[in-house]
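Asks: Listed below, chain by chain, are the residues.
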Amino acid sequence: MLEVASIHSFYGKAHILDALSFSVARGEVVALLGRNGAGKSTTMKSVMQLVRPRAGSVIFEGRELVGLPAYRVAKAGLGYVPEDRRVFSDLTVLENLEVGRQPKRDGAPHWTVAQLFELFPNLAERRHNRGKHLSGGEQQMLTIARTLMGNPALLLLDEPSEGIAPVIVEQMARSIAMLKSEGLTVLLSEQNLHFARAVADRAVILEAGQKKFDGSFETLESRPEIRDAYLSV
Amino acid sequence: MAFLFALFLTGLANAAALFLVASGLSLIFGVTRIVNFAHGSFYMLGAFIGVTLMELLPGAVGFWGAILLTGLAVGLIGALVEIVVLRRIYRAPELFQLVATFGVILVIQDLALMIWGAEDRLGPRAPGLRGVWRIFGEPVPKFDIVLIAITPVILLALWYLITRTRLGILVRAATQDREMVGALGVNQAWLFTGVFALGSALAGWGGALQLPKGGANLLMDFNIIGAVFVVVVIGGMGSLPGAFIAAVLISVLNAFGVAFLPESTLVLMFVVMAAVLILRPYGLLGREETAGEHGQVGAPETPIRPYGPRGVALTVALLVLLAALPAFAEPFLLTLVVDITVFALFAASLHFILGTGGMVSFGHAAFFGGGAYAAALLVYHSETPMELAFLCAPLAAGVLALGIGWFCIRLSGVYFAMLTLAFSQLVWSLAFQWRSVTRGDDGLINIWPADWLNAPMPYYYLTLALGVGGILTLRHIIHAPFGYALRAGRDSPRQAEAMGINVGRVQLVAFALAGAMAGLAGGLFVFSKGSVFPTELEITKSFDALIVVFLGGVKTLAGGVVGASFMTSVEHWLTRLEYWRLVLGLVIIAVVILMPEGIVGTLKRLAGRLRPSTEEAPR
Amino acid sequence: MTEILRADTLRKSYDGFLAVDGVSFSVREGELKALIGPNGAGKSTCFNMLTGQLKPSSGEVFLRGARITGKRPREIWRLGVGRTFQITGTYASMSVAENVQMALISHHRRLFGFGARAWKLYRAEALDLLRSVALDDQADRPCSVLAYGDLKRLELAIALSHRPRLLLMDEPTAGMAPSARIDMMQLVADVVRDQGLSVLFTEHDMDVVFAHAHHIMVLNRGKLIADGNAEAVRNDPRVQEVYLGGGTLFKEARDA
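Chains as they are written, first to last, in this note's numbering: chain F, 1 to 233; chain X, 1001 to 1619; chain U, 2001 to 2256.
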């Protein structure tokens, strides 16, 4: 479904992604792992074309994304949930959802506000609160719900467990499992190995913008040296 | 008491147009991050189109229908401008965007001249609302009451649009985080066009609504833009309620000013603005705005160096030629060279803060005209000897720049540009309104040099010595530690602060120095012409210098001088054309879009392509 | 060893959110100390309060016993503290040598000089500094054409130009190739040894941190959860949990 082939991305002169390739199959949940600074967020942004790769290609359902403006990428069926959440802080929960609303799409689950409130009950209670008055966990749920309003076929989740309370993290893991059962394909980036193992089918480990591992969590567990080299301290 | 209340109502009525124009400007800025200097032009178009439509459509229905249609028409024109010009430069540095909107001003000015002619149009009275109503015994025009009633309705309508509709939600979201809105699948290009059209339509409605109280003329664009900037700065950029409060505040204040201090109406609003800015630098309801996302004047250049031997030889040869000129040239040519030198010094002083300092000043005429007026006032009122008065030109301009700079330096980016423009309008309004001292637009005349200089040749040499001396001094300072510190503050203010450089103080000193040099140019100017008028302080004068620096190239040292020589030379035949503003405006827009490095920069790049070594080789 | 920098219960809150929550630590003379932690832990906020970029909501910072809380970056620099940025902030319109000369001009308080030619001032000193970071062969190139790793080294030379006693480095190897990272940190370690200066740095590359830092502090959710030598930090279960996540929490999520 998504085929990232040998992309190179830069911030100014800093070379962040170095010939990175990986793929995501339909219905799969793939976790991008690595320490902070490894290039996970840049990978997400490079798929979304918020950072334009200087070389390489990103093919989504047979279509080249590199060079498209971000809104066309979104219209093509990718939903992006940024790491720093970027809730519209002056807008209410309902208004935030409205910004994300897009027409129904074939081959992707269709979401309504009511369904999303069912998925994230906390948001329902706070529907008229402004984004800036939500807790970190609620903001995280809101960004996911906002992106789902666009009925994406592939969800890019950048560090969904970061900076939120453990009990919410647990809820988040359940929500992602739910999304998968609805038929959504998910690419998520994580630092929390246990969280990733709980929700994802496959792990891709990044270090200094290069892929160091690509395989199942079982394989990863059988090779603790990889975990020690790229994930733990 | 009743009289005061009537004054208050007049102020409220006047607030309508101001609020409409300011809210449009604010809205456009919020989403596109561009300060549309051409916003006054849409207001003017609104007035002209309104008059025309009102003549065509009869009766009360025709009158109000004409107003409605006017807004739609101006909105369409705005959309056209956005699609043709602005859409191409959203990623350009701030200066380029501002200059491009100035190009739009020029184009619209001449198009209006072509279509409606130079005659002022008187606005028709609103049908059925011709007389006055008596309120507590005081006559208040009926149309004023209608305007007072309409303004809150417009505010409410805008409020509804912004808070309750999908478009409004998208606009507010984009104001906070444009990129995220795009990532959620919203095509920003059309959102921007829509917002620009709406903002333009608001300005158009403002122009049409004020018709029964005023009319339409070709000066409206500049006359309102200063007040609109004041309103937006006081209210806070991007805040509709802020714009409303500030528009009411300024208009009411103005109404009282007209009644009690008629010579101070224009000054008054700037005093209020200064007071607000001291207390709240980002306006009553505004938030902190950062400088342009893509830099203010473009990516910094490669290291600059004084000219190598060839450059020095060329400069010396040019100077020798200029020094020998009186021996064989006609007086006409000497006058032209004096004009060029004065303008070149003025432009070089702007280039110093703009290019080297990265400070986009839109009010540099305040110091040119300020210097000219300082010298002229001394001569006119106290018969000060010319030599002394002349000396006071740069001094007074420098002190003025120190004062204005103190306010402006604390802000950056568009706020800096708007503030410098507003302050220059303050100085202009002093010269224009304080008739007992400045004689208003009659100007100060008979300001001639001392006897030993009062002939073409001696004055030519004085101008040459001081003008060239000033330009060379500025160039020298660019290469001195101070010039480096100034550049450091432009390239990376964060790093500069982290290495002990007080960026604000360096910028203030540079601003004052540039002001003094502009004042010197103003001093040379006033004694060469023998008179000075408020036109030397007008926005157009500031823009002249800005355009010259821009066309010459911001990033090249010679840019200002080359641009000024080019402009002054072509001005003589250009202004003979009937629609020279149209030509100039189109050229400016084309340069912004096609050759953003300016004339000198582009020539250099082309030359660099042809041969590997460049003109300004290291030592 | 005497302490050069001390932070005392630093706190910073934004809109009620506690980004840094009562952090205390000290840096000793001649020490190379790292501050690490996951994204959003509060490293940058903490760091910026030390350099004067941010004012703490409460708490104090002391430099050699003297209170420097809330001082501006330029004042802290004048007290003998050098710093480098995560994203380099060099002057693109100057040559490599001039970037260093600019710092020297500021150090010698000649910023308001109008006469001299700036590129002639302190050039020999600047070249010496560039030699110490192996950039002297590029001294006259425009800063804008340098490779990223060279820019980072130039920033180090700039930070060393006023002979600081303490160096604060924000992600000194961010954006560099892995091999260049080790070289860069080796350079810093050499400078620390040769000049006896102290360094506090934030870093995400664990190879760099564990290879060079004498002591390591770990920040998580605005709180300091560990402060000790490499071995102690590596074996701290709380640190492991921060980097790998809690172990038992998600069993049921799989089944859900």
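Among the hints, erroneous ones may be present.
Stated by the list, open to error - Pairwise CB distance ranges (calculated):
id : chain 1 : residue 1 : chain 2 : residue 2 : range
1  : X       : Ala1189   : F       : Pro121    : 34 to 42 Å
2  : X       : Arg1505   : F       : Glu64     : 49 to 57 Å
3  : F       : His110    : X       : Pro1241   : 48 to 56 Å
4  : U       : Arg2117   : X       : Pro1262   : 52 to 60 Å
5  : U       : Arg2163   : X       : Leu1333   : 44 to 52 Å
6  : F       : His8      : U       : Arg2117   : 40 to 48 Å
7  : F       : Asp84     : U       : Asp2136   : 50 to 58 Å
8  : X       : Pro1124   : F       : Asp84     : 52 to 60 Å
9  : X       : Arg1505   : U       : Asn2235   : 47 to 55 Å
10 : F       : His128    : X       : Leu1076   : 30 to 38 Å
11 : F       : Asp84     : U       : Asn2235   : 31 to 39 Å
12 : U       : Arg2117   : X       : Leu1321   : 21 to 29 Å
13 : F       : Ser181    : U       : Glu2029   : 56 to 64 Å
14 : U       : Asp2136   : X       : Pro1331   : 52 to 60 Å
Unchecked claim - Simulated crosslink set (SDA-like; lysine to any residue; CA at most 25 Å straight-line):
id : chain 1 : residue 1 : chain 2 : residue 2
15 : F       : Lys211    : U       : Ala2177
16 : U       : Lys2055   : X       : Arg1287
17 : U       : Lys2055   : F       : Gly136
18 : U       : Lys2071   : X       : Asn1502
19 : F       : Lys132    : U       : Ser2044
If you're looking for bench data, these hints aren't it; they were derived computationally from the structure. In this text the structure is predicted, and so the values were computed from the model without any measurement. Don't be surprised by glycine CBs; every beta carbon is placed ideally from N, CA and C.
Asks: If any of the earlier hints don't hold here, list their numbers in rising order.
Replies: 3, 5 and 7
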